Amino acid sequence: MTQNGCSLPYEKACDWRQCLLDTAQYALVMAGVCWLLLAGSERLGYNWQWYQIPKYLFTMGEEGFRAGPLLDGLLVTFQITAASMGLAFAVGLATALFRMSSYVSLRTVARVYMELIRNSPLLIQLFFIYFVIAPVLDMSAFWAAVLALSLFEGAYASEIFRAGITSIDKGQFEAARGQGMGPYVMYTYIILPQAIRRILPPLTGQVVSLVKDSALVSTIAIMDLTMQGQNIVAETFLTFEVWFTVAAIYLAVTVTLSRLAAVMEKRLMLT
2 MTQNGCSLPY EKACDWRQCL LDTAQYALVM AGVCWLLLAG SERLGYNWQW YQIPKYLFTM
62 GEEGFRAGPL LDGLLVTFQI TAASMGLAFA VGLATALFRM SSYVSLRTVA RVYMELIRNS
122 PLLIQLFFIY FVIAPVLDMS AFWAAVLALS LFEGAYASEI FRAGITSIDK GQFEAARGQG
182 MGPYVMYTYI ILPQAIRRIL PPLTGQVVSL VKDSALVSTI AIMDLTMQGQ NIVAETFLTF
242 EVWFTVAAIY LAVTVTLSRL AAVMEKRLML T
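Quick note on the working numbering: the sequence shown kicks off at 2 and runs consecutively.
Note that these hints are calculated values from the structure, not bench results. Bear in mind that the values here come from a model prediction, so they are computed numbers and not experimental data. Wrong hints could be hidden among the right ones.
[Unchecked claim] Restricting the straight-line Cα-Cα distance to at most 20 angstroms, the calculated cross-link-like pairs of lysine to aspartate or glutamate (EDC-like) are:
1. 56 <-> 43
2. 56 <-> 266
3. 213 <-> 73
[As the list claims (entries may be wrong)] If you anchor each label on the Cβ, the simulated ranges turn out as follows:
4. 51 <-> 203: 36 to 42 angstroms
5. 104 <-> 30: 18 to 24 angstroms
6. 261 <-> 167: 24 to 30 angstroms
7. 185 <-> 53: 53 to 59 angstroms
8. 232 <-> 261: 41 to 47 angstroms
9. 51 <-> 80: 26 to 32 angstroms
10. 47 <-> 232: 16 to 22 angstroms
11. 264 <-> 144: 27 to 33 angstroms
12. 117 <-> 49: 33 to 39 angstroms
13. 178 <-> 121: 15 to 21 angstroms
Glycine residues also receive a C-beta, built at the ideal position from the N, C-alpha and C atoms.
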């Protein structure tokens, strides 16, 4: 018997029925959302102009495909997210190792960092780095945004890394030390490969959070997806159309990341 109560010969049929049920539920929800939007627009007297949105995504001319401002902003969002994600994971791992260190000074540094970052708003941190730290270090707005996002997400990622590392059986640590392995070799080849399999889902959640939090970089005049949307709204007054489009793009990106993480998790479980 399978988990959903279907016998093995009928497992595919059960999967298809579940898929159809999920699709029907999704269609009903979307129909309800569309009805609410239409009803609200009628009461507001809003003149929908969806036909103007495609040109802000892309245009097809004699020169071929040309990205519009929204896709250009999405590319900047991807660049900031990719750079911030790598640095955030490095900061998070280092902080987790510091917290588990036998040295009081390292544990204190990690604790102070986490308390400061996790108990203050990201927007304030972004402004502080951009207006105070960046001019001193001659840092561009792009890298100021990357640093702010990395420090913020790294504080939360550190808890995920620490939980993954501490979930590994102590016998693994003792066996590695018994073989004469140093900390670097032990964590690189023994501990972290096992921990990553367990923490992949929450790490994916942090990446999704990072994508959404990256919208705040528009406050320091970075032309990301949100900033491009603001500019288009200011020029055209297509408020609802533009922001619904921007929200749909963010949703598509985060859902895709979640699906890719699910595929990776299945592959890791099989290896």
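Going down the list of hints, with the structure as the test:
no.	hint	verdict
1	56 <-> 43	violated, 26 angstroms
2	56 <-> 266	violated, 38 angstroms
3	213 <-> 73	holds, 17 angstroms
4	51 <-> 203: 36 to 42 angstroms	holds, 37 angstroms
5	104 <-> 30: 18 to 24 angstroms	violated, 53 angstroms
6	261 <-> 167: 24 to 30 angstroms	holds, 27 angstroms
7	185 <-> 53: 53 to 59 angstroms	holds, 56 angstroms
8	232 <-> 261: 41 to 47 angstroms	violated, 30 angstroms
9	51 <-> 80: 26 to 32 angstroms	holds, 29 angstroms
10	47 <-> 232: 16 to 22 angstroms	holds, 21 angstroms
11	264 <-> 144: 27 to 33 angstroms	holds, 32 angstroms
12	117 <-> 49: 33 to 39 angstroms	violated, 46 angstroms
13	178 <-> 121: 15 to 21 angstroms	violated, 39 angstroms
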